[in-house]
Each structure stands twice: as structure tokens, then as C-alpha cells.
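Participant: Sequence:
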Amino acid sequence: MKTIYLIRHAKSSWDIHTIEDHERPLNDRGRRDAERMAEYLKGLDIKPQLALCSTAKRTKETFSYFTRHFDSLPLQLTKKLYLAPVSVLEEEIHSISNEYDNVILFGHNNGVSDLVSIILEKTVDLPTCSFTQIEFPVNDWKEADLKQARIAAAIAPKDLTE
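Residues 195 to 356 in our numbering are what the sequence shown spells out, letter by letter.
Any given hint could be a false lead.
[Claimed, not checked] Using 20 Å as the maximum straight-line C-alpha spacing, the simulated EDC-like pairs for lysine to aspartate or glutamate come out as follows:
(1) K273 with E286
(2) K316 with E293
(3) K236 with E217
(4) K273 with E255
(5) K254 with E233
(6) K352 with D319
(7) K274 with E229
(8) K251 with D215
(9) K341 with D295
(10) K254 with E293
(11) K251 with E217
(12) K274 with E286
(13) K341 with D308
(14) K241 with E293
(15) K274 with E284
(16) K251 with D222
(17) K241 with E229
[What the hints assert, rightly or not] What follows is a list of derived Cβ distance ranges for each label pair:
(18) D209 with A347: 26 to 34 Å
(19) N303 with D209: 18 to 26 Å
(20) T249 with D209: 15 to 23 Å
(21) W208 with K241: 32 to 40 Å
(22) D215 with D239: 14 to 22 Å
(23) I210 with D339: 37 to 45 Å
(24) D209 with E337: 39 to 47 Å
(25) Y234 with S281: 29 to 37 Å
(26) T355 with E293: 30 to 38 Å
(27) L277 with K341: 22 to 30 Å
(28) D215 with D319: 15 to 23 Å
(29) T355 with P331: 15 to 23 Å
(30) T261 with D353: 16 to 24 Å
(31) D209 with T261: 24 to 32 Å
Hints were generated in silico from the structure; no laboratory data involved. Even glycine gets a Cβ: it sits at the ideal position worked out from N, Cα and C.
Given only the sequences and the hints, what does the whole structure look like? Please build it.
Facilitator: Here's what the structure looks like:
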């Protein structure tokens, strides 16, 4: 069994109109949501062995909240994950080393919502900082097929109590 813990980056700021999209930081709500989601996931006792993360500031900032709760989580920054469509997300999943069974991936819409939509066979729009646990019934990441995957868990920040 191979598992992807999929995180859409937390809410970002649109206040600074002079910076490029890639450099947009989280806003206050995004920082609160990232902290709460990281704490919640730590309580679930999930154990990611590797983090894949877009190079965008908002995804790296979201990841930083999770590092406080997961010990020794190696990070692989990947520019290809920035605004990646499903085809690129699948390529990245297929390229994961088989030494890892559980990987947390920090990405962007529309790609992350489209990926979950394919698995569920219906259109979904994942909210910012949402968590989706995707399980693949394979032993080799190269064989991970979205049509055979299942959603084992999903939660959005609004589902968490204050």
C-alpha cells in the first residue's frame, strides 16, 4: 500500500499586488488554518516519510507549520509542482522512490482538486489547507493509478473545532 497525504496550500494573501504569484505569502487565516491542520494531523498519528512541496512561497510556508509536528521530515522542493495539472502530479507520484510508503504532498489548485475529482468520479473543489488521504493498492509508485485509488480520509479547516 502506498499513501499520499495531499495538502492544498493554506489561504494566501492578495494584499500585495506588486509581487509575483509565486511569491505570495500566507495571510493570517492561512497561518491559523495551517497550524490547526498540522496539530490535527499529528493527533491522527499519520507518519509521512517524505514531503514533496511546490517551490511557491505559500506552499513552503504551509509546509513549515507541519514540520513543527512531524519529526525529521525530509523535504523535496519541486518547481514542477507549482500550479501543476493532474498529469504532472501523476508524474511526480510515479517518480517517488519505493523506499517511501507514505508521502505528504503540498500543492495548488486546480491540480489537487482535479486529482481528487478523478478518484471520486465527481467534481470537487478542495478548500485551502484541506487534507486528503489517498491510498493506492500497490507496492510500486510507478503502478499508482488514480482509477484504483481510494480516498481514506478528508478534512477541511472549517471541520476542525477552534
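Participant: So, for every hint listed, does it hold in this structure?
Facilitator: Status of each hint after checking the structure:
| no. | hint | result |
| --- | --- | --- |
| 1 | K273 with E286 | holds (11 Å) |
| 2 | K316 with E293 | violated (32 Å) |
| 3 | K236 with E217 | violated (28 Å) |
| 4 | K273 with E255 | holds (15 Å) |
| 5 | K254 with E233 | holds (17 Å) |
| 6 | K352 with D319 | holds (14 Å) |
| 7 | K274 with E229 | violated (26 Å) |
| 8 | K251 with D215 | holds (9 Å) |
| 9 | K341 with D295 | holds (19 Å) |
| 10 | K254 with E293 | violated (24 Å) |
| 11 | K251 with E217 | holds (5 Å) |
| 12 | K274 with E286 | holds (8 Å) |
| 13 | K341 with D308 | holds (13 Å) |
| 14 | K241 with E293 | holds (14 Å) |
| 15 | K274 with E284 | holds (11 Å) |
| 16 | K251 with D222 | holds (15 Å) |
| 17 | K241 with E229 | holds (17 Å) |
| 18 | D209 with A347: 26 to 34 Å | holds (33 Å) |
| 19 | N303 with D209: 18 to 26 Å | holds (20 Å) |
| 20 | T249 with D209: 15 to 23 Å | holds (21 Å) |
| 21 | W208 with K241: 32 to 40 Å | holds (35 Å) |
| 22 | D215 with D239: 14 to 22 Å | violated (35 Å) |
| 23 | I210 with D339: 37 to 45 Å | holds (41 Å) |
| 24 | D209 with E337: 39 to 47 Å | holds (44 Å) |
| 25 | Y234 with S281: 29 to 37 Å | holds (31 Å) |
| 26 | T355 with E293: 30 to 38 Å | holds (37 Å) |
| 27 | L277 with K341: 22 to 30 Å | holds (24 Å) |
| 28 | D215 with D319: 15 to 23 Å | holds (19 Å) |
| 29 | T355 with P331: 15 to 23 Å | violated (33 Å) |
| 30 | T261 with D353: 16 to 24 Å | holds (23 Å) |
| 31 | D209 with T261: 24 to 32 Å | holds (25 Å) |
Consistency note: the structure conflicts with the earlier hints numbered 2, 3, 7, 10, 22, 29.
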